[in-house]
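These protein sequences, in sequence, are chains G and W.
For what it's worth, the numbering used here labels the leading residue of the first sequence as 18, then goes sequentially.
For what it's worth, the numbering used here labels the leading residue of the second sequence as 18, then goes sequentially.
Hints are computed from structural coordinates only; laboratory data are not their basis.
Ideal Cβ placement from N, Cα and C applies to all residues, glycine included.
Careful, some of the hints might be misleading.
Which stretches of chain W does chain G cover? Using the computed rule of at least three CB atoms under 8 Å from a CB of chain G, they are [as the list claims (entries may be wrong)]:
hint	stretch
1	35-41
2	81-89
3	115-126
4	179-193
Partial list, computed: chain G residues near chain W (C-beta under 8 Å) [to be verified]:
hint	residue
5	Asn21
6	Tyr31
7	Ser34
8	Val43
9	Gly48
10	Ser52
11	Phe83
12	Thr126
13	Tyr127
14	Pro128
15	Pro130
16	Asn134
17	Glu135
18	Gly148
What follows is the residue order along each chain.
There are 2 protein chains.
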Amino acid sequence: MKYNEKTISTEIKYEGSVIKVRRDEVDLCNGKTASRDIVEHSGGVCIVAQKDNGKIIMVKQFRKPFDEEIWEIPAGKLNYGEDHYSCGLRELEEETGYKAGKFIYLSGTYPTPGYCNEITHIYYATDLIQGETRPDEDEFLDIAEFTEEEILDMIVSGKIKDAKTIAGILLVKEFKQRGLI
Amino acid sequence: MKYNEKTISTEIKYEGSVIKVRRDEVDLCNGKTASRDIVEHSGGVCIVAQKDNGKIIMVKQFRKPFDEEIWEIPAGKLNYGEDHYSCGLRELEEETGYKAGKFIYLSGTYPTPGYCNEITHIYYATDLIQGETRPDEDEFLDIAEFTEEEILDMIVSGKIKDAKTIAGILLVKEFKQRGLI
Numbered sequence: 018m019k020y021n022e023k024t025i026s027t028e029i030k031y032e033g034s035v036i037k038v039r040r041d042e043v044d045l046c047n048g049k050t051a052s053r054d055i056v057e058h059s060g061g062v063c064i065v066a067q068k069d070n071g072k073i074i075m076v077k078q079f080r081k082p083f084d085e086e087i088w089e090i091p092a093g094k095l096n097y098g099e100d101h102y103s104c105g106l107r108e109l110e111e112e113t114g115y116k117a118g119k120f121i122y123l124s125g126t127y128p129t130p131g132y133c134n135e136i137t138h139i140y141y142a143t144d145l146i147q148g149e150t151r152p153d154e155d156e157f158l159d160i161a162e163f164t165e166e167e168i169l170d171m172i173v174s175g176k177i178k179d180a181k182t183i184a185g186i187l188l189v190k191e192f193k194q195r196g197l198i
Numbered sequence: 018m019k020y021n022e023k024t025i026s027t028e029i030k031y032e033g034s035v036i037k038v039r040r041d042e043v044d045l046c047n048g049k050t051a052s053r054d055i056v057e058h059s060g061g062v063c064i065v066a067q068k069d070n071g072k073i074i075m076v077k078q079f080r081k082p083f084d085e086e087i088w089e090i091p092a093g094k095l096n097y098g099e100d101h102y103s104c105g106l107r108e109l110e111e112e113t114g115y116k117a118g119k120f121i122y123l124s125g126t127y128p129t130p131g132y133c134n135e136i137t138h139i140y141y142a143t144d145l146i147q148g149e150t151r152p153d154e155d156e157f158l159d160i161a162e163f164t165e166e167e168i169l170d171m172i173v174s175g176k177i178k179d180a181k182t183i184a185g186i187l188l189v190k191e192f193k194q195r196g197l198i
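When you get a sec, could you build the whole thing from the sequences and use the hints?
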């Protein structure tokens, strides 16, 4: 079955600095109509950055929706008109100080396709060259390095909850097992 | 550093049927204040459901934010007051018709911790007993079964983009490799 929901009307309901919300009225396959609330987001990039010694760089960051500091791989959102490759290199350098010699695309993932159009692009960065961190104003990060095995333990034990980090780390393991990276 | 953003004020900006949006004014660590847009969501559950023959059940579903049908593991959102274990069993049965004999918790993941408080709980279901599907009204699903290897190929090639599916399938592989499931 090829299914589609044709938009009858659309209305912006909220405009914030990071997200917008619109409400679409749509035609369903069965002749009925329905409403769809959609969060609009510019998209993001996250990076599994692995040093020559095998360690992976992680950041601990306060996340207001959970009132909690959580461990994540470096990440950031796309600026207007920015491509995700440039965004990823910029965010990695701003947050961790590292420039990536190799920057390999793994996947463009949909974190919450039910209600949000964000795509999170996942990269694997190696051949890292250390520089200075330049975090965004109002961005407070702790940076640390862990082995792959330590991070996998944190994922399996539930200490890492961030979905892009779980997907990114496990994707790197899968790509490596297949000899793709 | 123990970092926190204390809420000074909060205001509901939009109330939809699946999401709400609130805007918090917060105190930063550096004496300044900032605004945080937060999408409120009741939380969700997704299920890696594996039959005795090894096949995993997938659903193809139209997702309006991308105007696209995508492959996902069965999933749904928590009803008000519902626990995620019951929700997972219910959604699996509604979407696929299968009752799970074993239903093992893998992880509570944060899909987009930067701006949304959704937690997606991931379960592994086995000992499946076939029954009748009872999809939600206005929910149109194609159901299919794939081997683990086929799904891993779809993840690596980018055919599967849904983050909870990528995390769920790769978590099951990791848990199995460790002899945990």
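Assertion that chain G covers the stretch 179-193 of chain W - criterion: three or more residues, beta-carbon distance below 8 Å: Per the Cβ count (10), the hint holds.
Chain W contact restraint on glycine 148 of chain G - CB to CB distance below 8 Å: Check failed: Cβ of glycine 148 of chain G comes no nearer than 22 Å to chain W, outside 8 Å.
Per the CB criterion, is serine 52 of chain G less than 8 Å away from chain W? The hint holds - serine 52 of chain G has a Cβ within 8 Å of chain W, the shortest such distance being about 7 Å.
Interface hint outcome for serine 34 of chain G [beta carbon to chain W under 8 Å]: Hint holds; serine 34 of chain G Cβ to chain W Cβ min 7 Å, cut 8 Å.
Hint validity - glycine 48 of chain G Cβ closer than 8 Å to any chain W Cβ: It is violated, given that the least Cβ distance between glycine 48 of chain G and chain W is near 11 Å, above 8 Å.
Mind checking the CB of asparagine 134 of chain G against every CB in chain W and telling me if the closest is under 8 Å? Since the shortest Cβ distance to chain W is 4 Å, the answer is holds.
In terms of beta carbon proximity below 8 Å, does the stretch 81-89 of chain W have 3 or more residues touching chain G? As far as the stretch 81-89 of chain W goes, the hint holds, because 7 residues have Cβ atoms under 8 Å from chain G.
Mind checking the CB of tyrosine 127 of chain G against every CB in chain W and telling me if the closest is under 8 Å? holds, 5 Å
Asparagine 21 of chain G was flagged as interface toward chain W. Is the shortest Cβ-Cβ separation under 8 Å? Interface hint status for asparagine 21 of chain G: holds (7 Å vs cutoff 8 Å).
Would the stated hint for glutamate 135 of chain G survive a check requiring a Cβ distance to chain W of less than 8 Å? holds, 7 Å
Is the shortest C-beta separation between proline 128 of chain G and chain W less than 8 Å? holds, 4 Å
Taking a Cβ-to-Cβ distance below 8 Å as contact, does the stretch 35-41 of chain W have at least three residues touching chain G? holds (count 5)
Violation of the numbered hints given earlier is confined to hints 9, 18; the remaining hints are satisfied by the structure.
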